[in-house]
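If you read the sequences in order, they're chains A and B. Under the numbering used here, think of the first position of the first sequence as 1, with each following residue one higher. Under the numbering used here, think of the first position of the second sequence as 408, with each following residue one higher.
To be clear, the hints were calculated from the coordinates, so they are not data collected in a lab. Here the structure is a predicted model, which is why all the values come from computation and not from measurement. Just so it is clear, CB atoms sit at the ideal spot from N, CA and C, and this is done for glycine as well. Mixed in with the good hints, there may be bad ones.
[Claimed, not checked] These stretches of chain B come out as covered by chain A in the derived footprint (C-beta under 8 Å, 3 or more residues):
#1 486-493
#2 497-505
[What the hints assert, rightly or not] Covered by chain A, according to a simulated footprint, are these stretches of chain B (three or more residues, beta-carbon under 8 Å):
#3 472-480
#4 515-528
#5 532-542
[What the hints assert, rightly or not] Simulated restraints, written as ranges between beta carbons of each label pair:
#6 ASP483/B with ARG198/A: 29 to 39 Å
#7 ASP483/B with GLY262/A: 19 to 29 Å
#8 GLU431/B with LEU226/A: 54 to 64 Å
#9 ASP535/B with VAL388/A: 22 to 32 Å
#10 ASP535/B with GLU207/A: 52 to 62 Å
#11 ASP314/A with SER409/B: 12 to 22 Å
#12 ASP544/B with GLN32/A: 26 to 36 Å
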Amino acid sequence: MALTHPSAAPAPVAPVRASVRPWPDPYLDVEQYDPEGDLLVLNLGPQHPSTHGVFRVKLWLDGEVCIKAVPYAGYLHRGVEKLCEKLSYVMIPPVVDKNDYLSAFTNELAINMAFEALNQVEPPRRAQYLRTLGAEMQRVASHLLWLGTFGLDMGGAIGGGATLFMHCLREREGILDCFEVWTGGRFHYNTLTVGGNRHDVPAGFAELVTRTFKAIRARLEEYDALILDNAIFRARTAGVGRLDAQLALEHGITGPNLRGSGVDLDLRRDRPYGVYGELKVNVAVRSEGDALARYHVRMAEMRESIRLVLDLVDGIPPGPLCALKPVKLPSAYKGKAGQAYVSIETARGELGTWVVADGSDKPYRCKIRAPSYHAVSLIPYLAPGNNVSDIVVTLGSLDPVLGEVDR
Amino acid sequence: MSDDVLALLRAQLGVEEVPAAGVEVPADRLLALAGELKRLGFDFFVYCAAAHYPAAGEAPDRVLVEYRVRRLPVEDLALRVWVPTGSSTPSLTSVWAGADWQEREQYDLVGVVFSGHPDLRRIMLPEDWEGHPLRRDYAIDTRHHPWR
Numbered sequence: 001m002a003l004t005h006p007s008a009a010p011a012p013v014a015p016v017r018a019s020v021r022p023w024p025d026p027y028l029d030v031e032q033y034d035p036e037g038d039l040l041v042l043n044l045g046p047q048h049p050s051t052h053g054v055f056r057v058k059l060w061l062d063g064e065v066c067i068k069a070v071p072y073a074g075y076l077h078r079g080v081e082k083l084c085e086k087l088s089y090v091m092i093p094p095v096v097d098k099n100d101y102l103s104a105f106t107n108e109l110a111i112n113m114a115f116e117a118l119n120q121v122e123p124p125r126r127a128q129y130l131r132t133l134g135a136e137m138q139r140v141a142s143h144l145l146w147l148g149t150f151g152l153d154m155g156g157a158i159g160g161g162a163t164l165f166m167h168c169l170r171e172r173e174g175i176l177d178c179f180e181v182w183t184g185g186r187f188h189y190n191t192l193t194v195g196g197n198r199h200d201v202p203a204g205f206a207e208l209v210t211r212t213f214k215a216i217r218a219r220l221e222e223y224d225a226l227i228l229d230n231a232i233f234r235a236r237t238a239g240v241g242r243l244d245a246q247l248a249l250e251h252g253i254t255g256p257n258l259r260g261s262g263v264d265l266d267l268r269r270d271r272p273y274g275v276y277g278e279l280k281v282n283v284a285v286r287s288e289g290d291a292l293a294r295y296h297v298r299m300a301e302m303r304e305s306i307r308l309v310l311d312l313v314d315g316i317p318p319g320p321l322c323a324l325k326p327v328k329l330p331s332a333y334k335g336k337a338g339q340a341y342v343s344i345e346t347a348r349g350e351l352g353t354w355v356v357a358d359g360s361d362k363p364y365r366c367k368i369r370a371p372s373y374h375a376v377s378l379i380p381y382l383a384p385g386n387n388v389s390d391i392v393v394t395l396g397s398l399d400p401v402l403g404e405v406d407r
Numbered sequence: 408m409s410d411d412v413l414a415l416l417r418a419q420l421g422v423e424e425v426p427a428a429g430v431e432v433p434a435d436r437l438l439a440l441a442g443e444l445k446r447l448g449f450d451f452f453v454y455c456a457a458a459h460y461p462a463a464g465e466a467p468d469r470v471l472v473e474y475r476v477r478r479l480p481v482e483d484l485a486l487r488v489w490v491p492t493g494s495s496t497p498s499l500t501s502v503w504a505g506a507d508w509q510e511r512e513q514y515d516l517v518g519v520v521f522s523g524h525p526d527l528r529r530i531m532l533p534e535d536w537e538g539h540p541l542r543r544d545y546a547i548d549t550r551h552h553p554w555r
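With the sequences and hints as input, model every part of the structure.
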């Protein structure tokens, strides 16, 4: 490509720790590095729109180039894990819905699967099937919002301004309509419970879903062509925010961020749950590790999820929706003592729940392993050596949801 | 569990099999065992979690710290360390760089001290927060500074 852009040039050499680790030192002593105090300290966030929520990164800048970055999380901390100790099993799903507020369905799925593993409850096949369908619909909805906001971070990737954002929100709206006729909720469904689902799909659901996802599939090709033809988009993402595979593994990075760095791990295929064992999930992997590779992985995942949704929605099996009898009072449901860790592949990666129970109607301890928390912890490694505009692109390409980071 | 992992655990800890919940490791053996596991290919750091157990009968007031590490394709191993209150457990940040934020979170919320951690600060709560909310004796219905 003829176009040259500062980000296409080799990044300035960032300070590297004396040890063997080949990445920038996140614990750099600024006093020692810059005794004269010439560095500019800049706070990116917490109210900056490109931080995708409420998140602050303190940057030490030498001119335009970042020397050290320290993220500050916790602005959205709601004490969810403490609430889990104070609420009974059936009262927890609506609370964890709001963790990753862009994919509530998979939040519910992850925590209920942990409770089911703890209590050795197996949901009926129809419930499993609908959960798999909902999880794939949710993945497309979540990736669509990522694509839109990534376009915003890029200063308007196609057409300028918020064009791409508006287009993507329009497509996502169709998916939210599907969830609305299914569960009654557009964002936060509270439709899954221990042992099964609460809501059955209404008549005509398959036609609505097929129509919606076929429309999205056609438009997605258009957006992909428009974005990739855009020289500015390519120049701003190619080679930016390069994530080393070893660094990603040590940080527990999962999902598209890991697969963009060449590691082929997808729990839908490698540790199947729901009805994924009966499906063939094609996993997209790119080896470059930069923001453009993560873009390609997410676009491929959206196409794959649309294919899965269209395949699944035509064969919803008959049968019961819940393995347990409904309880009149939340406290009437008693859990077994023990502990379990169950994880699923959401749009952002591995969402797991470590639950310890003492046999009462509430969990003893509930730890939520949120993929965004791990992704955000990469900022001190990815930011040094880049200029500020590239840090915004890097953060956007990691697709963190701050509700999930802070919980 | 693979044979090489079992052989390592037998040599280091003298355990014959790994329970489903994970293998219990004394705090002073943790760092050496973690280094050996990483050499066997356990590159992937899944999480670090902690649960507080108040003193009950013979048992002292203590915290259970659980690390989960993974080797690809998917093979998980959970390491469990019991840390009595007032004592500390070694930080695994020098082995897996990603343990940094995981341990900071457990320090902040449960109050476990990880010795040798490069940057042990609160992460979710403000620096001046008193107490560690996920301890069992920190109740939801009592007032704590700085709620007022």
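Next item on the list: Examine the segment 515-528 of chain B for residues whose CB is less than 8 Å from any CB of chain A, and state whether their number is three or more.
Entry: Result for this restraint: holds, n = 3.
Note to self: If you count the residues of the segment 497-505 of chain B with a beta-carbon closer than 8 Å to a beta-carbon of chain A, do you get 3 or more?
What the structure shows: holds (count 3)
Notebook entry, point to check: Between ASP535/B and GLU207/A, does the C-beta distance stay in 52 to 62 Å?
Noted result: With Cβ atoms ~57 Å apart, the hint holds.
Next item on the list: Given the hint of 26 to 36 Å, check if ASP544/B and GLN32/A actually sit that far apart at their C-beta atoms.
Entry: Hint violated: Cβ distance 41 Å, outside 26 to 36 Å.
Notebook entry, point to check: How does the coverage statement for the segment 486-493 of chain B fare against chain A, requiring three or more residues with Cβ below 8 Å from a Cβ of that chain?
Noted result: violated (count 0)
Next item on the list: Using the beta carbons of ASP483/B and GLY262/A, state whether their distance is inside 19 to 29 Å or not.
Entry: holds (22 Å)
Notebook entry, point to check: For the segment 472-480 of chain B, do three or more residues have a beta carbon lying closer than 8 Å to a beta carbon of chain A?
Noted result: holds (count 4)
Notebook entry, point to check: Is it true that ASP314/A and SER409/B lie within 12 to 22 Å of each other by Cβ?
Noted result: Given a distance of about 41 Å, which is not inside 12 to 22 Å, the answer is violated.
Item checked: Pairwise beta carbon distance, ASP535/B to VAL388/A, judged against the given window 22 to 32 Å -> holds (30 Å)
Check: At a Cβ distance under 8 Å, does chain A reach at least three residues of the segment 532-542 of chain B?
Finding: Holds, because 4 residues of the segment 532-542 of chain B bring their Cβ atoms closer than 8 Å to Cβ atoms of chain A.
Next item on the list: Could you tell me whether the CB distance from GLU431/B to LEU226/A stays inside 54 to 64 Å?
Entry: Holds: the Cβ-Cβ distance is about 56 Å, inside 54 to 64 Å.
Note to self: Within 29 to 39 Å: is that where the Cβ-Cβ distance between ASP483/B and ARG198/A falls?
What the structure shows: holds (31 Å)
Violated hints, in rising order: 1, 11, 12; the structure is consistent with all others.
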